[in-house]
Amino acid sequence: MVSLFKKALESGRFVVTSEIAPPKGTNLEKMTHHIKLLRDKVDGINVTDHQSSVMRYPSLGGALLVKEMEGEPILQMTCRDRNRLALQADLLFAHSRGISNVLCLTGDSILMGDHKEAKGVFDMDSSQLLATIRKLEKGKDLGGNDLDGSVSFCAGAIVTPEANPLEPQLIKFEKKVEAGAEFVQTQAVYDLKLFKNFMEYARQFPIKVLAGVILLTSAQMARFMNKNVAGVNVPQDLIDELAAAPKGRAIEKGIEIAGRMIKKFRKEKLCAGVHIMAIGREELVPEIMSAGELG
Amino acid sequence: MIRSITQKKTEEELDQLLTGIARIFIIGCGTCVTMTHTGGTPEVTEMKEKLLKKGKLVTGDLVLPVACDNLTAEVLREYGSQINQADGLLIMTCAFGVQTIARQVKKMVIPGLDTLFIGKETGLGQFDEVCTQCGSCILGETGGICPVTSCHKGLVNGPCGGTKNGKCEIDEKKDCAWTLIYNRLKDLDRLDLMRRYQKPKNFQKEPRPGKYWLNPA
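Chains as they are written, first to last, in my numbering: chain A, 78 to 372; chain B, 40 to 256.
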């Protein structure tokens with residue numbers, strides 16, 4: 078089974094991924110709508126895994142729905158909620174149902190979410206999950222036992238190119254590359270100078286980098302992210318631009334900024350593509366893409 | 040010296056645990072819980088007054104020198120008659136002390152404290168966990184700082200993406216263990232150790248319950 082996303086990565090053209098979030102509950106209408114909106118426009122749709130540690134419909138179920146609707150799912154898997162048996166089992170299941178892309182994450186702390194009394198598992202971390210995929214692909218499980226039917230995945234990870242301090246994150250990044258990551262989707266990038274520095278470094282590794290683009294909906298949101306989100310640095314001039322937008326039009330400015338970033342990434346050939354996150358405003362992804370002159 | 044770090048149970052929980060227990064014997068300890076002010080002489084006295092106000096009958100109280108020590112059996116024997124008069128023992132020691140006492144006396148035991156971790160006093164009134172007894176020590180590769188204990192997620196391959204300005208994603212006052220390890224290894228010019236891939240941990244080395252024989256048969 079060939080991953081269409083992997084083919085896109087290997088094609089050399091500018092790749093676009095986006096992401097959707099499964100619902101809190103079993104009403105799949107909104108998610109279905111988002112899949113319809115994105116499936117023909119992007120090269121891969123990430124399905125988040127209890128993002129921010131909030132219990133939701135599983136990423137595996139969401140990825141399966143993307144597949145059934147003839148989209149290209151990128152299954153997000155965190156190590157927070159499952160031990161190595163459960164993670165391996167879900168990888169077997171994903172492969173058997175035609176899901177061929179996995180994004181390996183350690184996962185947010187349980188304390189970030191809505192089940193604060195739960196046990197955080199972390200039997201493995203993101204680099205170990207990547208290594209697990211490569212092992213399963215060789216027909217063996219982590220216990221060294223033979224598999225009756227193996228798996229094949231285009232596996233990726235995340236990186237925070239603007240983290241402070243940066244070097245510990247880069248060391249982890251290199252471990253992920255060594256463990257078998259083929260692509261990384263980055264934390265939101267706003268400071269192009271920092272991102273260029275990162276790309277100069279990252280180019281020495283055999284890995285495709287998709288720059289993270291998070292839609293800024295207001296100056297307030299930008300300030301909130303600077304204060305609270307690890308590795309996000311929205312420069313003051315972008316905040317000023319958002320603040321100067323006429324009342325109720327900040328989001329249009331946010332789309333314009335996102336589009337501008339995307340155009341720069343592409344025209345300056347900075348990276349292999351972009352990963353667009355419109356957290357809660359997925360219906361705006363096509364507009365962001367148009368603003369970025371994509372598709 | 041490592042200590043058992045404890046916290047008082049809430050009054051509400053304690054009331055519930057003591058429901059139906061009218062006659063109570065209180066036991067504290069002169070070691071770790073004295074240091075943490077959770078089960079030393081002042082706390083035992085305060086508890087006694089509280090229970091009396093609640094209409095309980097306190098048959099006696101005692102602060103053992105070291106509750107987890109073998110000598111505890113002898114001290115308890117000295118207090119035999121007061122203990123025998125009680126319906127239950129309210130024990131303000133760590134869980135180790137509670138279990139040591141429970142093995143000696145045929146009485147219901149009620150823990151007055153929750154045992155949080157094994158740690159040490161790192162600053163005035165500040166206690167930190169130092170070791171989780173995981174059974175596979177990697178301090179040799181982390182510059183002597185334990186990520187299994189000090190990283191909120193117990194990660195062994197470097198920081199997660201949640202770390203911000205050297206602090207942990209769960210608490211901006213908590214140092215990120217991996218930033219500390221990075222700084223230490225950088226100082227020692229041994230960042231190569233941080234680049235070393237660590238396999239998933241072998242939990243067989245951390246058997247539950249822990250058991251060890253000096254001379255296995």
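Keep in mind the hints are simulated off the structure, nothing from the lab.
By construction, the Cβ of each residue, glycine as well, lies at the ideal position given by its N, Cα and C atoms.
Heads up, a few of these hints could be off.
[Stated by the list, open to error] Facing chain B, from chain A, some residues (calculated, C-beta under 7 Å):
| id | residue |
| --- | --- |
| 1 | Leu188 |
| 2 | His192 |
| 3 | Gln205 |
| 4 | Asn222 |
| 5 | Ser229 |
| 6 | Thr237 |
| 7 | Lys252 |
| 8 | Val254 |
| 9 | Asn274 |
Per the CB criterion, is leucine 188 of chain A less than 7 Å away from chain B? Holds. Min distance 5 Å.
Taking the least C-beta to C-beta distance, is serine 229 of chain A closer than 7 Å to chain B? violated (22 Å)
Residue hint lysine 252 of chain A, partner chain B, criterion CB-CB below 7 Å: holds (6 Å)
Would the stated hint for glutamine 205 of chain A survive a check requiring a Cβ distance to chain B of less than 7 Å? holds (5 Å)
Interface restraint verdict for asparagine 274 of chain A against chain B (beta-carbon cut-off 7 Å): This hint is violated: asparagine 274 of chain A lies away from chain B, its Cβ roughly 18 Å from the closest one there, beyond 7 Å.
Less than 7 Å between beta-carbons is the criterion; does asparagine 222 of chain A satisfy it with respect to chain B? violated (15 Å)
Double-check valine 254 of chain A for me: the hint is only fine if its C-beta lies closer than 7 Å to a C-beta in chain B. At about 11 Å, which exceeds the 7 Å cut-off, the nearest Cβ of chain B leaves the hint on valine 254 of chain A violated.
May I ask you to test the interface hint for histidine 192 of chain A with respect to chain B, counting a Cβ-Cβ separation under 7 Å as satisfied? Violated. Min distance 14 Å.
When the nearest CB of chain B is found for threonine 237 of chain A, is that gap smaller than 7 Å? holds (5 Å)
In terms of the numbered hints stated before, the structure departs from hints 2, 4, 5, 8, 9, listed from lowest to highest.
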